[in-house]
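Residue numbers (the working numbering), protein chains in the order written: chain D, 333 to 457; chain C, 333 to 457; chain S, 333 to 457; chain R, 333 to 457; chain E, 333 to 457.
Read the hints as simulated data drawn from the structure, not as lab findings.
Worth double-checking, as some hints may not be accurate.
Pairs involving identical chains hold if they fit within one copy or between any two copies, as the list cannot separate such chains.
[As the list claims (entries may be wrong)] Derived BS3-like pairs: lysine-lysine, alpha-carbon spacing no greater than 27 Å straight-line:
(1) K441 to K386
(2) K441 to K346
(3) K399 to K412
(4) K412 to K346
(5) K399 to K346
(6) K386 to K349
(7) K366 to K399
(8) K346 to K386
The lines below spell out each chain.
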Amino acid sequence: MEVDKESVSTSINKWIKLNVGGILFMTSRETLLKDPNSMLARLIDGDSELISDKDENGAYMIDRDGKYFPPILNFLRHGKLILDSGLAAEGVLEEAEFYNITHLITLVKEHIQRRDQQTSVIDNK
Amino acid sequence: MEVDKESVSTSINKWIKLNVGGILFMTSRETLLKDPNSMLARLIDGDSELISDKDENGAYMIDRDGKYFPPILNFLRHGKLILDSGLAAEGVLEEAEFYNITHLITLVKEHIQRRDQQTSVIDNK
Amino acid sequence: MEVDKESVSTSINKWIKLNVGGILFMTSRETLLKDPNSMLARLIDGDSELISDKDENGAYMIDRDGKYFPPILNFLRHGKLILDSGLAAEGVLEEAEFYNITHLITLVKEHIQRRDQQTSVIDNK
Amino acid sequence: MEVDKESVSTSINKWIKLNVGGILFMTSRETLLKDPNSMLARLIDGDSELISDKDENGAYMIDRDGKYFPPILNFLRHGKLILDSGLAAEGVLEEAEFYNITHLITLVKEHIQRRDQQTSVIDNK
Amino acid sequence: MEVDKESVSTSINKWIKLNVGGILFMTSRETLLKDPNSMLARLIDGDSELISDKDENGAYMIDRDGKYFPPILNFLRHGKLILDSGLAAEGVLEEAEFYNITHLITLVKEHIQRRDQQTSVIDNK
Numbered sequence: 333m334e335v336d337k338e339s340v341s342t343s344i345n346k347w348i349k350l351n352v353g354g355i356l357f358m359t360s361r362e363t364l365l366k367d368p369n370s371m372l373a374r375l376i377d378g379d380s381e382l383i384s385d386k387d388e389n390g391a392y393m394i395d396r397d398g399k400y401f402p403p404i405l406n407f408l409r410h411g412k413l414i415l416d417s418g419l420a421a422e423g424v425l426e427e428a429e430f431y432n433i434t435h436l437i438t439l440v441k442e443h444i445q446r447r448d449q450q451t452s453v454i455d456n457k
Numbered sequence: 333m334e335v336d337k338e339s340v341s342t343s344i345n346k347w348i349k350l351n352v353g354g355i356l357f358m359t360s361r362e363t364l365l366k367d368p369n370s371m372l373a374r375l376i377d378g379d380s381e382l383i384s385d386k387d388e389n390g391a392y393m394i395d396r397d398g399k400y401f402p403p404i405l406n407f408l409r410h411g412k413l414i415l416d417s418g419l420a421a422e423g424v425l426e427e428a429e430f431y432n433i434t435h436l437i438t439l440v441k442e443h444i445q446r447r448d449q450q451t452s453v454i455d456n457k
Numbered sequence: 333m334e335v336d337k338e339s340v341s342t343s344i345n346k347w348i349k350l351n352v353g354g355i356l357f358m359t360s361r362e363t364l365l366k367d368p369n370s371m372l373a374r375l376i377d378g379d380s381e382l383i384s385d386k387d388e389n390g391a392y393m394i395d396r397d398g399k400y401f402p403p404i405l406n407f408l409r410h411g412k413l414i415l416d417s418g419l420a421a422e423g424v425l426e427e428a429e430f431y432n433i434t435h436l437i438t439l440v441k442e443h444i445q446r447r448d449q450q451t452s453v454i455d456n457k
Numbered sequence: 333m334e335v336d337k338e339s340v341s342t343s344i345n346k347w348i349k350l351n352v353g354g355i356l357f358m359t360s361r362e363t364l365l366k367d368p369n370s371m372l373a374r375l376i377d378g379d380s381e382l383i384s385d386k387d388e389n390g391a392y393m394i395d396r397d398g399k400y401f402p403p404i405l406n407f408l409r410h411g412k413l414i415l416d417s418g419l420a421a422e423g424v425l426e427e428a429e430f431y432n433i434t435h436l437i438t439l440v441k442e443h444i445q446r447r448d449q450q451t452s453v454i455d456n457k
Numbered sequence: 333m334e335v336d337k338e339s340v341s342t343s344i345n346k347w348i349k350l351n352v353g354g355i356l357f358m359t360s361r362e363t364l365l366k367d368p369n370s371m372l373a374r375l376i377d378g379d380s381e382l383i384s385d386k387d388e389n390g391a392y393m394i395d396r397d398g399k400y401f402p403p404i405l406n407f408l409r410h411g412k413l414i415l416d417s418g419l420a421a422e423g424v425l426e427e428a429e430f431y432n433i434t435h436l437i438t439l440v441k442e443h444i445q446r447r448d449q450q451t452s453v454i455d456n457k
């Protein structure tokens, strides 16, 4: 957490607001740029092919369900897949594919495969 | 994600706010028009038979439970039925019928049928 | 969904805000009047014996837990009892009794009875 | 629900806002005074030994987790312990002790004891 | 809960707002200083190596998931680990490590170990 003068002077631009389907998220530019091929990196990088509409609070608007967004953002933050038991993994897969985060897609698919094998073992007992 | 000039110039009208029973959702006009026979398409299309009241934030008001709305909106976004384990499928069916989304009604009914068959197998063991 | 002129002109009074223990709900006057004997019908009908305080947003204040309110409101909307698996049915019963919705009280009691019989079968296996 | 003139004239002071760890709750003075020995009764009674800070919305600030607060408030409202299945009973016990509600502490402890006995039966099968 | 004059005069600075990934929390300076080695104590102590950005409401901004923050804050409040059944313990571990709360890291690791041993017993039956 070393801080040089440049990063302090640009700290105003450090924080990004996202409005995902009506739910507000706040994160850092650094987190969103973690996977340069993702739609999120392209969104804040001003990719000319992506419309970057903002809401009245200056949050980038994304037409997706905010309920499945935390595992996406957390993966960019710390590189792991964390899934709460109530949340449908298929919903997270759908988002990982939408945001085009290749490594996360693989992780969620492996998770679903393991889960289905366990269920199938229980069913055959 | 090709963008022509026309869609950029109309980007202000691209986003729609919905107030579903007190919970705010934000989505695109394109998503709501996906199923032209649905009540949602008719709502934003200014169907003369549907009252389109808006709240103080300009959100269309719908007198339904917002808790069951995400699977509805997600189906219009990506065409799949995703159900979190805690949410009653019967609640989603009720909404799919209210919003008159024929394909989704079929999907939820199939889901409930599969679920009840599995439960019945467990009960008979 | 036929709309006559009178209902359009009174559309401003159509929507009611409720502040249930700090959580905001929005619904229609029509929904709240569904069960004329309920406390909710009496609340918006200006029943002289019920204090109808409103918060700073014009929402009727009710000193109850908003977490158990959705099944109450949904029953008035579509006449069915829908219970998510995480929510304690006893909590909904408590509210159905508070709001004095006779038919719903019966439905929740039947639900609890069925649930307890199933649990008892599992315990005796 | 009889209302005399005095209670109407003091209805402005009837409602109390609580900010529990960042989550807003709204309840009545009457509810908070139910258990006169509780910290909540002392808080709004202006107990000289308790600092009663308020946030910018006039809500009393309490440095606790708002997630475990609903069962506390509901107990004061209707005298029963209602626990949703996802919520850790230990979390509610911690709060019942913090707010010093003797009867509720007993109820939660009995609930935990019953739960642990059932689990232990399942483990020994 | 003894209060001397000094603490009353500084009560304005007693309360701290945190914006954790878009979710607002409110707590006391005292709670955040409980573990002096934690990142949270360093954050509000004005540690020169930590950028302390604030949002428009004066809340310290932290680029983490607010969903896993309650067990962190509660541990600082009362010293116990309380985990709701739906929440992934791995998500809490990730946060305990990020905030550098040594004792909590140990508690969560022990919890995960116990949980995995129980699951493994069930799998081998």
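Right, here's what the structure says about each hint:
Taking identical chains as interchangeable, the C-alpha atoms of K441 and K386 are never at most 27 Å apart, the minima being 32 Å within one chain and 38 Å between chains. For a Cα distance limit of 27 Å, the shortest separation of K441 from K346 qualifies neither inside one copy, at 32 Å, nor across copies, at 33 Å. In this assembly of identical chains, K399 and K412 lie within 27 Å of each other by CA distance both inside one copy and across copies; the values are 18 Å within and 16 Å between. For the identical chains of this complex, K412 and K346 are intra-copy neighbours only, at 23 Å inside a copy versus 34 Å across copies, given an alpha-carbon limit of 27 Å.
In this assembly of identical chains, K399 and K346 lie within 27 Å of each other by CA distance both inside one copy and across copies; the values are 24 Å within and 22 Å between. Taking identical chains as interchangeable, the C-alpha atoms of K386 and K349 lie at most 27 Å apart whether they share a chain (9 Å) or sit on different chains (13 Å). In the homo-oligomer, the alpha carbons of K366 and K399 lie at most 27 Å apart both inside one protomer (21 Å) and across protomers (21 Å), since each shortest distance falls under that limit. In this homomeric assembly, K346 and K386 come within 27 Å of each other (Cα to Cα) both inside a single copy, at 17 Å, and across copies, at 11 Å.
Of the numbered hints stated above, those contradicted by the structure are hints 1 and 2, listed in ascending order.
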